[in-house]
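Enquirer: Sequence:
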Amino acid sequence: MLPTLQNGFTMLQRLYVHNFRCLENFELNLKDLPSSLLIGKNGSGKSTIAFVLEVLQSIGRGINRVSQLIQAKDFNSGRSGVPIRFEIEVLLKAQLYKYVLALELSPENFKEIRVFEEKLLVIGNPIYSREASQVKLYGNNIQSQIPQDNRVDTLLRNRFPLTSQLMASQFQVDWHLVALPLIQAQSETDPLYIFKNWLSSMIILAPIPSLMTGESSGETLEPKRDGSNFGEWFSGLLRRYPAAYTRIDRYLREVMPDIQDIQNEPIGKNAKSMIVQFEANDQTLSLDFKDLSDGEKCFFLCAVVLAANEYYSPFCFWDEPDNYLSLSQVGYFITSLRRSFKKSGQILVTSHNEEAIRKFSDENTFVLDRKSHLEPTLIRPYSEISIGGDLVDTLIRGDIEL
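In terms of UniProt numbering, the sequence shown has 48 at position 48, counting the first letter as 1, and numbering is strictly consecutive.
Just so you know, nobody snuck in bad clues.
Between beta-carbon pairs, the in silico distance windows are:
1) Glu27 - Ser67: 19 to 29 Å
2) Ser133 - Gln71: 17 to 27 Å
3) Ser133 - Ile267: 41 to 51 Å
4) Gln71 - Arg250: 35 to 45 Å
5) Gln172 - Met256: 54 to 64 Å
Simulated pairs of lysine-lysine, DSS-like, Cα-Cα distance not exceeding 27 Å:
6) Lys290 - Lys269
7) Lys41 - Lys31
8) Lys342 - Lys98
Just so you know, the hints here were simulated from the structure itself, not pulled from any lab data. Just so you know, even glycine gets a beta-carbon here, dropped at the ideal spot from N, CA and C.
Can you make the complete structure from the sequences, with help from the hints?
Expert: So, in structure tokens, the structure goes:
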């Protein structure tokens with residue numbers, strides 16, 4: 001029986017990766033954890049986990065060519081004879097979704113990566129499965145799910161009567177294309193739509209504040225990892241959810257008490273630029289968003305993440321959210337994120353900051369370790385590791401080994 005969660009019935013349960021960079025037979029279990037922390041030395045694999053999530057996010061956003069997702073150098077230690085394998089399990093609307101994607105190097109061309117296996121299951125029942133170029137669709141009304149392009153044998157549309165959910169329609173797809181973005185969802189209740197929408201809405205962040213200008217020439221709900229389209233995300237969020245401004249404003253006033261207003265001023269036909277107004281001692285100051293400090297830009301990013309979580313409850317991976325912050329601000333920053341995602345959504349962060357680490361409990365902290373660049377990453381929940389004394393002190397000494 002699936003657990004009953006207060007977290008909107010939306011939660012990443014498990015991520016499995018094999019033969020990808022430093023991840024070999026790697027499994028991260030986040031079941032029932034609305035917020036979690038990854039810690040470990042530099043090079044232990046934290047950023048690689050983010051890259052895996054980006055691969056899956058890109059598939060959800062419509063990228064289907066394998067060469068745009070990974071490269072031959074991504075095979076672990078040059079082990080090109082073993083497929084790269086990704087598995088992700090997500091609880092969506094009280095149903096467990098499992099997506100599997102395995103990739104291999106073509107025997108006839110060792111520089112070209114192709115799909116070896118792919119499938120999507122919901123509570124154990126296949127929605128579609130694939131081996132090499134052959135894709136099978138399961139369920140009712142499967143004809144409308146077949147992608148409309150010249151790679152599909154259109155005669156297949158009339159070969160399979162739609163009399164049973166066990167009947168499968170089949171079509172061929174280029175080995176070098178991922179099938180998930182190609183299969184057409186029938187409605188917003190279609191498992192294909194639900195899963196692809198969840199993948200595409202993931203927020204994956206490793207911001208570079210110097211690239212965050214606040215300017216926008218469009219609107220989006222798909223932020224870039226480095227935050228360089230922050231202005232477009234801000235505009236897209238407020239366009240889709242106007243009431244989100246209240247949540248953004250409330251958080252910013254907590255961390256920047258002199259902030260007065262945020263304006264998204266038109267600077268051209270389709271372009272806007274964020275202007276931030278401050279007021280203190282009967283004086284006002286207007287600053288272009290790009291002129292804020294790096295830490296202040298991270299406050300804005302946090303405010304938008306909190307608002308996004310309140311309105312569409314995404315999964316969020318944030319690589320070192322404490323970067324660019326003063327020590328006195330880290331604790332409140334992390335606590336605000338954890339408190340918000342306890343109500344809905346889910347967040348996974350990495351950190352080397354002792355104040356941030358202390359804001360997480362033993363049960364939701366995972367330790368990564370890699371003894372050398374020639375060995376794979378190991379992972380264990382901190383609650384299963386026996387160490388003497390304080391975790392932060394042990395990390396400083398470098399005494400944790402898995």
